[in-house]
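Construct all of the structure, not just a fragment, from the sequences and the given hints.
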Amino acid sequence: MTAQDNATDAKSRIDEIVKSNDVVLFMKGTKTMPQCGFSSRVAGVLNFMNLDFRDVNVLEDNDIRQGVKDYSDWPTIPQLYVKGEFVGGCDIITEMTLSGELDQMLEQNGVAFDRDAAEKIREANKG
1 MTAQDNATDA KSRIDEIVKS NDVVLFMKGT KTMPQCGFSS RVAGVLNFMN
51 LDFRDVNVLE DNDIRQGVKD YSDWPTIPQL YVKGEFVGGC DIITEMTLSG
101 ELDQMLEQNG VAFDRDAAEK IREANKG
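Position 92 (the sequence shown) corresponds to 92 in the UniProt record's numbering; numbering is contiguous.
Incorrect hints may have been included.
[Said to hold, decoys possible] For lysine to any residue, the following SDA-like pairs were computed, each having C-alpha atoms within a straight-line distance of at most 20 Å: (1) K28 <-> G89; (2) K11 <-> N62; (3) K69 <-> I17; (4) K28 <-> I17; (5) K31 <-> F113; (6) K69 <-> A7; (7) K120 <-> M105.
Bear in mind the hints are in silico, worked out from the structure with no lab data behind them.
Below, the structure is given as C-alpha cells:
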C-alpha cells in the first residue's frame, strides 16, 4: 500500500466514523484515559454533560491522526464532530460550552445531554 492508499483509506474510515455516530471526538487517548491536556478537557466536558460520544484514539493509528487533520482542514487534536459536522477543537468547544452555544447545537441536532451539568460548568467558570 502506498502513502496515497493509506491516506484514502484513512479518509474513508474517518468519514464512516463521523457519519455513523452522532457525536465523535478524535482525541489523544480515550474518554476514560486521555493522553493530553486538551483532549482531557474536551472529554471531561462531554463526560460531565453525560453526553454519549464515540472516542477515537489518534495515538493508535498514525494514518487517522494525520487523516483527521486533513479531513477537517484543522491542524490540531482533539476534534469534535456532531452529526457529521466538524465543530472545533479544545478552545472552540470550551468557548461554546461557556457561552451555551454547544447546548444549542446539541439540542438542534437532537443529541441528549445533561443541561444541569452544562449549567454547572458555566456557573463554575463565571469570573
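Tested hints:
With a C-alpha separation of about 12 Å, the suggested pairing of K28 with G89 holds against the 20 Å cut-off. For the proposed pair K11 and N62, the alpha carbon gap of about 12 Å is at most 20 Å, so the pair holds. Proximity of K69 to I17 is assessed by CA-CA distance (about 15 Å); at most 20 Å being required, the pair is judged to hold. Distance hint between K28 and I17 is fulfilled; the C-alpha atoms sit about 16 Å from each other, no more than 20 Å.
Under the criterion of a C-alpha separation no larger than 20 Å, the hint pairing K31 with F113 is consistent with the structure, at around 16 Å. Our distance criterion of 20 Å between C-alpha atoms is met by K69 and A7, whose separation comes to about 11 Å. Taking the CA atoms of K120 and M105, the gap is near 18 Å; set against the 20 Å cutoff, the hint holds.
Every hint, counting from the list given before, is met by this structure.
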